[in-house]
Amino acid sequence: MKPLWIVTYLAAAIGLYHQPLWTIEEIPFVPTPIEVVDRMLELAEVKTGDIVYDLGSGDGRIVIRAAKKYGARGVGVEMDRELVELSRKKAAEEGVSHLVEFRLEDALKVDVTPATIITLYMLPWFNAKLRPILQQQLKPGARVVAHDYGIEGWTPTRVEKLPEIEKRPGGALHQHTLYLWRIE
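Sequence positions in the sequence shown follow this note's numbering and run 366 to 549.
To be clear, the hints were calculated from the coordinates, so they are not data collected in a lab.
Note that the structure is a prediction, hence the values are computed from the model and not measured.
By construction, the Cβ of each residue, glycine as well, lies at the ideal position given by its N, Cα and C atoms.
Be aware that one or more of the hints could be misleading.
Calculated lysine to any residue pairs in the SDA-like style (CA-CA distance at most 25 Å, straight line) [claimed, not checked]:
hint	residue 1	residue 2
1	Lys-412	Gly-436
2	Lys-504	Arg-523
3	Lys-434	Glu-458
4	Lys-433	Lys-454
5	Lys-474	Pro-521
Label-pair distances were calculated between CB atoms; the ranges are [unchecked claim]:
hint	residue 1	residue 2	range
6	Thr-520	Leu-473	17 to 27 Å
7	Glu-459	Pro-479	20 to 30 Å
8	Ala-537	Lys-504	37 to 47 Å
9	Gly-535	His-463	35 to 45 Å
10	Arg-468	Lys-494	14 to 24 Å
11	Glu-410	Ser-462	23 to 33 Å
12	Thr-520	Glu-407	15 to 25 Å
13	Gly-536	Pro-479	41 to 51 Å
Just need the whole structure built from these sequences, with the hints factored in.
Written out as C-alpha cells, the structure is:
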C-alpha cells in the first residue's frame, strides 16, 4: 500500500477528515516518523510491564520499538494483510517476536482490555468511533497517545507540539502534535 500523503492532508485542510473518505479497510498507511514514535512512547511512560496496543499499526514500528527499547509487550492491529506480514518479519529481524504480535483485525472490533497503553495515528472520525470502546474497555491508569488527531469529546491530559517541522511530499510543512489521556 502506498502512502497517500497529499490526499490525506488536502482532505484535512478542507475539513473533510471529520467524515470518512475511506472505509476502515481503505485508510491509507502513513508511517509515524521514528522520532515521533519515540516521543509517543516517552509521553506514555512505557515500562517493562506494559502492554502497548497500536490500532492501525501499519508496519509495526510502534510496538516493535516499545518492545526493543522498553521490554514492553505489544499488539499491533492492522487491516492490511501485507502490512501485518511485514510487521511480523520486522519483529523477527529486531529479535522481539516473543514480545509482540500482529493481528489482521478491525481495530474497532478488537478487545483492548489487556492494554495499558493505546497508540493511534488515525483520522478524527475513526478516533470518535473508537472513544466509546476505549471508555468501556480500558482500566484506570491506562494511557492513550494519539498522533496529530485528538479524540472528540475527550479533554487530553497533555497536548505536545513537537519542535521539528517536517517537509511533506508536495512541499507542505507539518508540525506533529501528540495527545495524551490517562484513563481514570
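To see whether the hints hold, each was checked on the structure:
Simply put, Lys-412 and Gly-436 have alpha-carbon atoms about 7 Å apart, close enough for the 25 Å limit, and the pair holds. Between the alpha carbons of Lys-504 and Arg-523 the distance comes to roughly 19 Å, so the proposed pair stays at or under 25 Å and holds. At most 25 Å may separate the alpha-carbon atoms for a hinted pair to count; Lys-434 and Glu-458 meet this at roughly 15 Å. At roughly 15 Å between alpha-carbon atoms, Lys-433 and Lys-454 fall within 25 Å of each other, so this suggested pair holds.
With a C-alpha separation of about 24 Å, the suggested pairing of Lys-474 with Pro-521 holds against the 25 Å cut-off. Checked against the given bound of 17 to 27 Å, the beta carbons of Thr-520 and Leu-473, roughly 22 Å apart, stay inside it. Glu-459 and Pro-479 have their C-beta atoms about 22 Å apart, which keeps the hinted 20 to 30 Å range intact. The supplied range of 37 to 47 Å is met by Ala-537 and Lys-504, whose beta-carbon atoms lie about 39 Å from each other.
A C-beta distance of roughly 41 Å is found between Gly-535 and His-463, which places it inside the suggested range of 35 to 45 Å. Taking the beta carbon of each, Arg-468 and Lys-494 are about 18 Å apart, inside 14 to 24 Å as hinted. At roughly 25 Å, the beta carbons of Glu-410 and Ser-462 sit within the given window of 23 to 33 Å. Checking the proposed 15 to 25 Å range against Thr-520 and Glu-407 shows it holds: the Cβ atoms sit about 21 Å from each other.
Evaluation of the 41 to 51 Å hint for Gly-536 and Pro-479 yields a pass: the beta carbon distance comes to about 42 Å.
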